[in-house]
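> Chain by chain, the residues run as shown.
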Amino acid sequence: MIYEVFRRERKGQAFEHAGSVVAPDTEFAEAWAREQYGRRGESVALWLVPRDAIHDVEDWADEFDLKYRRVDGYSIKARLKEARERAAARAG
Amino acid sequence: MNELLLGLADDELVIGWRDSEWTGIAPLLEEDVAFSSIAQNEIGHARAVYERLTDDADALAFDRSLDEYRCAPLVELRLLDWGRTIARRWLYEVADEIRITALMEDPDVGGLAAKINREEAYHRMHAEMWRERLRDEPRFRDAVTELWPYALGVVLPAQREALAARVALDEVEAVERGSHTDDFAPLWDEMTMVRRSAPVGSQW
Amino acid sequence: MAAVEIPQDEQAFLAYVQAGGQVETADWMPDDYRAKLVKFIEMHGNSELMGVLPEREWILRAPTLQRKLALTAKVQDEVGHAQLIYRVVEDLGKPRERCLADLVDGKAKFHNVFHYPTKTWGDVGVIAWLVDAAAIISQKALLKCSYAPYARIMKKICWEESFHILHGRDVILAMVTGTPAQFELVQEALNRWWGPLMQFHGNPIPKEEDPMYLWRIKSQGNEEARQQFLEGYVPQIWELGLTVPDTKLRRREDGTWEYGEPDWDELMHVVTGHGPKTDERLAFRRRFLDQEQWVRDAVLAA
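Protein chains in written order, with the working numbering: chain A, 529 to 620; chain B, 291 to 494; chain C, 633 to 934.
Pairs of lysine to aspartate or glutamate, DMTMM-like flavour, derived with a Cα cap of 25 Å:
1. Lys-772(C) with Glu-544(A)
2. Lys-788(C) with Glu-532(A)
3. Lys-776(C) with Glu-544(A)
4. Lys-741(C) with Asp-911(C)
5. Lys-776(C) with Glu-532(A)
6. Lys-751(C) with Glu-820(C)
7. Lys-751(C) with Asp-473(B)
The set of hints was computed from the structure by calculation and includes no laboratory data. These numbers come from a predicted model, not from an experiment.
Start from the sequences and build out the full structure, keeping to the hints where you can.
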């Protein structure tokens with residue numbers, strides 16, 4: 529069985545994919561991943577996930593304009609400039 | 291006490307040396323990495339104990355004559371097949387646990403023994419995991435039978451009953467510490483050859 | 633935003649990787665690209681695994697506890713690298729068992745330097761320092777490989793190689809500051825290894841003609857790598873009072889190194905399986921592969 533291995537480098541950090549090991553069960557996978565991905569103290573924790581248990585999602589339809597959900601959907605520069613000019617005119 | 295500690299340290303040194311011979315050629319690459327860490331740990335334990343006994347751990351590890359080593363015959367055997375290697379690891383770890391646990395009560399070396407024990411816990415898990423996997427393999431079972439008298443020689447006579455109970459085998463006559471197997475001289479020769487090639491005190 | 637589409641057409645794919653695009657395991661890729669990847673990455677895995685053997689012999693002979701531990705850890709790292717690399721090959725479609733079978737059958741290649749004997753403790757130092765230095769130059773260039781899973785494992789590999797170089801340099805420093813005989817061991821080892829080291833990065837074909845560069849599996853040409861090695865390490869060798877056995881070796885004003893022509897026939901001869909230790913080492917690998925097959929059966933045939 530292939531186990532995908534994720535490691536946490538330091539407390540407070542997210543787990544990151546580190547690689548994989550082939551092992552007959554979780555016990556062997558742990559013994560082997562422990563050394564392969566942590567023997568120099570480069571990990572404080574590991575997640576071992578059977579590859580089969582991973583559900584892949586990698587396709588998003590973005591056919592119409594969905595930019596309002598993102599920062600690049602907003603261009604405030606011109607309006608901000610105008611607002612500032614009007615404010616200055618009012619004050620002046 | 292020093293005699294006991296020297297025996298312990300020599301056991302760890304020599305089994306570490308023997309097990310390090312698998313680095314690079316173990317049956318599976320993943321296991322190769324794991325097994326090498328165990329060999330390195332054992333040598334690290336030997337070094338820590340030598341440092342309790344002397345200022346120069348290297349001199350104690352390398353510069354003695356053959357008959358000054360106090361290791362048990364079990365660790366000297368050259369067992370370059372996996373069934374026997376795992377049988378030895380398993381028997382050794384059980385024996386070592388009994389010996390180390392007893393030492394943890396000692397006021398002088400209890401702290402060091404506890405430190406060693408924390409690392410050995412992983413070795414025991416590893417040995418147990420392999421034994422579970424191979425227990426029905428004839429090669430493994432035969433190897434346990436072959437090595438059992440040697441394993442008894444690792445612990446003191448008073449600890450042998452407990453060892454036999456732990457591994458569920460009948461106590462037999464032990465192969466005692468004090469004389470060496472034929473496998474030890476070639477190992478000593480190899481482990482000291484580079485060091486002996488320069489005058490004593492040379493740096494490496 | 634939708635994921636970047638990998639062009640499903642060989643020419644467009646080529647343009648995509650040449651523009652710095654990266655590819656994942658499940659992406660479409662041209663057959664030729666996949667075949668080149670497998671060939672290149674498998675040879676890297678083979679080299680890590682065969683690179684274990686010249687040094688492994690000295691694990692039992694290391695002269696202090698510290699050296700013993702460091703050398704064992706270095707060889708252990710190389711086995712770990714082989715594990716990582718063969719996993720990448722396996723995900724590309726070639727199982728590890730087949731890689732190993734092809735290796736011991738002499739059907740697959742591995743790096744030239746691992747076909748030579750390790751005669752003394754001096755060789756152990758030179759291998760850890762200079763062979764690993766040459767290797768890390770090649771491997772750093774793979775951090776930008778167009779095949780992303782391979783590029784990612786290279787981070788761990790390069791990180792670990794950096795310890796090896798330090799270990800090697802430390803072994804060398806201890807010996808060049810030791811007895812005259814120890815210094816001589818280092819010089820002799822350097823003399824033995826210089827030829828293979830200069831051949832290591834391959835003949836100086838223009839990178840545009842190198843298919844591995846074309847697909848951006850590698851990101852630098854052979855000569856570029858060799859120049860980097862010379863620039864980085866010749867001064868370090870000289871400062872220890874060691875002599876590089878090449879009378880033509882010199883650094884030009886423009887920073888380019890000139891050197892005596894490496895023996896390309898020897899390189900070809902050695903990597904096609906005719907090195908001084910090729911047969912012995914492959915036979916040794918095969919012996920343990922066969923002898924311990926029952927263990928893999930017991931463990932993996934669940």
